[in-house]
Amino acid sequence: MNSHSEIFGYLSVLSWLCAQLPQVYKNHKLKTIEGLSVEFIITWLIGDLLNLLGCIYTNQLPFQVALSLWFILVDLALTGQYLQYRNYQDDRGRSTTRMITHRQTVSLSINRVSDRSASVKPPVTLKRSRRSQTHSVRRAENSRSRTFASLVALGLTVGVGAAPTLPLPSISAKGLVSDDLAIIIGKLSSWACVTFYLSSRMPQIYYNYQRKSVEGLSVFLFLFALLGNSFYTMSILSSPRFQQSHPQAMKYLLESLPFLIGSVGTIVFDVIILLQVQMYKDKPQNTSGERQPLLDS
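Read in my numbering, the sequence shown has 1564 at position 90, and its numbers run on one by one without any break.
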């Protein structure tokens, strides 16, 4: 009777388990996380934490709690990659800056020897160059901060689709807090989770639009997220709980409504990002003057 709901549930779980790993691998391969918006990751992580609280305090199924923990684990992996590769890029930036300074010093000395009458101009040029480098570093730091926030958001949206209605006993929060407080915490966490999930994609969409590029972004992340949310929605709608008496069916609908809205809503944003992938896949990244050649050829 509930075979369709179970099948959709298993497909949703499988999709979510595969969603973020391609992005983690791509970050490792490229040694950078610049393809992801920082706000996206931060929002995602907060959403996954709220999703975990919502699952526990609304007596959701055990595998939902397990998946929530899995999503948080991957979110932390993405955050760790951000910190690791940010330091890696900072070290490379400092090394390159030393090379630039050395080259400029040598060039300045040559100019002074060859033309003493122009000795005033090189220091001005050097000062302007250093000022330009400082502005470039600040812009790069701001860009990395945006990337970190988006990464957190990314982990959160994936957690939305983790609630297929499999016939397993639910996890209860009884004993931790009173029943009334558990209900309040569960509902607030669930709806707050939806808010973060729905808003998590927006920074990434704007980040892609701003760069006119999806370089460094794994298309499988959003493809599997789209599949996971779709299967999750179908799992809820095909649940036999909807065939119970009207009061029971309405109770189930209200309990599942935050997760349902979150999954359906993020499907729309996932489609937009996949369209951006199609639009920008053959276009070079638009640096907007932020990334200039460090050394003259």
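To be clear, the hints were calculated from the coordinates, so they are not data collected in a lab. Hints are supplied without guarantee of correctness; some may be wrong.
[To be verified] Here are the computed lysine-lysine pairs in the DSSO-like style, where the Cα-Cα straight-line distance is at most 30 Å:
#: 1; residue 1: 1686; residue 2: 1500
#: 2; residue 1: 1686; residue 2: 1755
#: 3; residue 1: 1503; residue 2: 1661
#: 4; residue 1: 1725; residue 2: 1503
#: 5; residue 1: 1505; residue 2: 1755
#: 6; residue 1: 1725; residue 2: 1500
#: 7; residue 1: 1661; residue 2: 1725
#: 8; residue 1: 1505; residue 2: 1725
[Unchecked claim] Between beta-carbon pairs, the in silico distance windows are:
#: 9; residue 1: 1558; residue 2: 1496; range: 44 to 50 Å
#: 10; residue 1: 1488; residue 2: 1665; range: 37 to 43 Å
#: 11; residue 1: 1718; residue 2: 1561; range: 22 to 28 Å
#: 12; residue 1: 1669; residue 2: 1694; range: 49 to 55 Å
Even for Gly, the Cβ is constructed at its ideal location relative to N, Cα and C.
Each hint tested on the structure:
At roughly 19 Å between alpha-carbon atoms, residue 1686 and residue 1500 fall within 30 Å of each other, so this suggested pair holds. For the proposed pair residue 1686 and residue 1755, the alpha carbon gap of about 9 Å is at most 30 Å, so the pair holds. A hinted pair counts as satisfied when its Cα atoms are at most 30 Å apart, and residue 1503 with residue 1661 does not qualify at roughly 40 Å. Taken as a hint, the residue 1725 and residue 1503 pair is broken in the structure, with Cα atoms around 47 Å apart against an allowance of 30 Å.
Distance check on the hinted pair: residue 1505 and residue 1755 sit about 20 Å apart at the alpha-carbon level, within 30 Å; holds. For the given pair, residue 1725 sits about 43 Å from residue 1500 by alpha-carbon distance, which is inconsistent with the 30 Å threshold. Between residue 1661 and residue 1725 the CA atoms are separated by roughly 13 Å; this keeps the pair inside 30 Å, and the hint holds. Restraint check for residue 1505 and residue 1725: the C-alpha separation of about 48 Å exceeds 30 Å, so the hint is violated.
The hinted window of 44 to 50 Å between residue 1558 and residue 1496 is violated, with their beta carbons roughly 18 Å apart. Between residue 1488 and residue 1665 the beta carbon distance is about 27 Å. The supplied range of 37 to 43 Å is therefore violated. Restraint check, residue 1718 to residue 1561: a C-beta distance of roughly 55 Å breaks the suggested window 22 to 28 Å. At roughly 26 Å, the beta carbons of residue 1669 and residue 1694 sit outside the given window of 49 to 55 Å.
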